[in-house]
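Chains as they are written, first to last, in my numbering: chain S, 5 to 503; chain R, 8 to 160.
Worth flagging that the hints you see were computed from the coordinates, not collected in a lab.
Do not take every clue at face value.
Said to hold, decoys possible - Derived coverage of chain S by chain R (criterion: at least 3 residues anywhere in the stretch with Cβ under 8 Å from a Cβ of chain R; other residues may be distant): (1) 173-180; (2) 185-196; (3) 379-385; (4) 391-398; (5) 416-428.
Computed from a predicted model, the values in this text were never measured in an experiment.
Glycine residues also receive a C-beta, built at the ideal position from the N, C-alpha and C atoms.
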Amino acid sequence: MELLSNLALGFQVALTLDNLLYCFGGVILGTLIGVLPGIGPVATISMLLPFTFHLPPTSALIMLAGIYYGAQYGGSTSAILVNLPGEASSVVTCLDGYAMARNGRAGHALGIAAIGSFFAGCVATLVLAAMAPPLAELAFQFGAAEYFSLMVLGLVAAVVLAQGSLLKALAMIVLGILLGTVGMDTTTGDQRFTFGMPELSDGLGFVVVAMGMFGFAGIIANFDTPENRDILRTKIGSLLPGWKEIRQASGAILRGTGIGSLLGVLPGGGAMLGSFASYMMEKRIAKDPSRFGKGAIEGVAGPESANNAGAQTSFVPMLTLGLPTNPVMALMIGAMTIQGIQPGPQVMKQQPELFWGMIASMWVGNLLLVVLNLPLVGVWVKLLSVRYRLLYPAILLFCAIGVYSLNSSVVEVFLAVGFGFLGYGLIRLGCEPAPLLLALVLGPMLEDNFRRALTISRGDPTVFLTRPISGGLLLIALVLLLIVIAPNVRKARDQAFKE
Amino acid sequence: MAGIIRAPRDVAAGVFFIAVGVAALVVGADYRLGTLLSMGPGYFPRIIAGILIALGAGVALTGLRLQGPPLERWPWRALVLVLGSIVWFGWSLERLGLIAAVAVMTFVSAYAEKDRGLVEALLLSAFLAALAWVIFVWALGMPLLLWPEGAVD
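Using the sequences and the hints given, assemble the complete structure.
Now the structure itself:
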């Protein structure tokens, strides 16, 4: 069994004392920012990126990954106890989780969320380990045209699955690609859109943009919504649900894990989509849908399993194809590049310790989260009473020093301010910044493969359609777009996001 | 005007996208185009800018056709204080040192919150300046200027 020997190698790496500590640090930090509304994994990971330079690559990635799935655990805590989604992926957990808490079953809700998340995390780790090698094998057969089409599909899917106006999201993607052309043209060496600034000749740093649009703009956007936190006064009660409840929830956990794993792999997917889909599914197949919203345990178990599964399986395309499917994965790609690792199918062959170590660390991290977090629930609740007005200056400080320390460059601090303003403005105009960030990372790769494919085909633009895999990928992208434009699907999708 | 523009947010967004696309075309007007076989630095950006203009026009047109939410008032106070405080940080870090940069940044940004008392703002900025020193200079050993040069030996 190759899978077993690979996983064994992974556990050897993940269980060294250093990596255990980084994993622990990552999941604890992830839980912390997951509990706290107003700061998410994108801002946190971009803040921490500059400080991971001097870590060994494996430890750095293990820690950063821990922040992402750790945040899924933390998000459920504030959703259940305070009716506040700590993370976007916990929005639906508020509905039944908070209702359960008001019925005096807060402990059971927290317990089932943790159990579901842990189960989903185990399955997703296996899915990741089993799917990665064949996908990477497939990716080796990809040429420039296939990569181009794959990225187009990825970007289109990111739009289709995003919230809000389709046209605006598409425009944000294209704007991101355009921003990606800033800097030196890698083929000819010409400077583009640099306005004579040497800081721009390596391109716009995605951390700078992410920090501006998610960190700074996020802080300002938080002033739009007044703070309202009713910390639950009732006792949390026993964390372990009874057998009846576990049996009731087990189906939802299984289905949530499946749906979350599947949607996590898709471009544009990740934690959030799975949790929405799972909630809708549980509500639809329930014998008595009216229980939902009033404390149905399936409404907590399903989505919480799904978001954790999705958070982990979204690593599949990133690790095997070098293709980020959401902003967090874009940052992970950045973290690898910073460490001098070219993301793509060759990572698994050339650096098996890094690849399998990271996968194994996810299982370890999930175990740490269950074992350590449940007893710590009291601490997290205390943290929730730290008000945002005391918190945001600290976030600002970490963001500002983080941007500066990227290249010890003051200019990048000013650039981030500019993107903060731009990002806030775009949010107010109803344009989500996430697709832009994704496109900014993919843009240079997109252009590179576009040009190479056309050079190889001697300037024949039909190459993207005539090569079967490439043509197929573009066809899927087109079909996806057409499906979303179809009016009745649009209506259902808008409704789904409203619920 | 108000009669034609039904969704001001969409129209504004569309106009913004068009403006960026046009700006890219203007700035990049002298980037060499090249051919499909061997593209110059200007080929791909022109395609992308063109698509952006088209999409921007689409967004703006939907704003003229469909009803949509109005433009809201911007929270200028928070916007100016938060972004301004970071500009201060960038300007002062290498001139006046970490302590002054962080203390003033925190103090200024603290007032983005409307009901903030002087004592709270001062305490917060003293605390974060100390925290920045402990974490970034003492623990992480980042080579940052602490005080204005010449102020301490």
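Evaluation of the provided hints:
1. 173-180: Since three or more residues must qualify, the claim that chain R covers the segment 173-180 of chain S holds, with 4 doing so at under 8 Å.
2. 185-196: holds (count 6)
3. 379-385: It is violated: at least three residues are needed, and the segment 379-385 of chain S offers just 0 whose Cβ sits closer than 8 Å to chain R.
4. 391-398: This one holds; 5 residues, not fewer than the three required, reach chain R with a Cβ under 8 Å.
5. 416-428: Our answer is that it holds, as 7 residues pass the Cβ test (under 8 Å) against chain R, meeting three.
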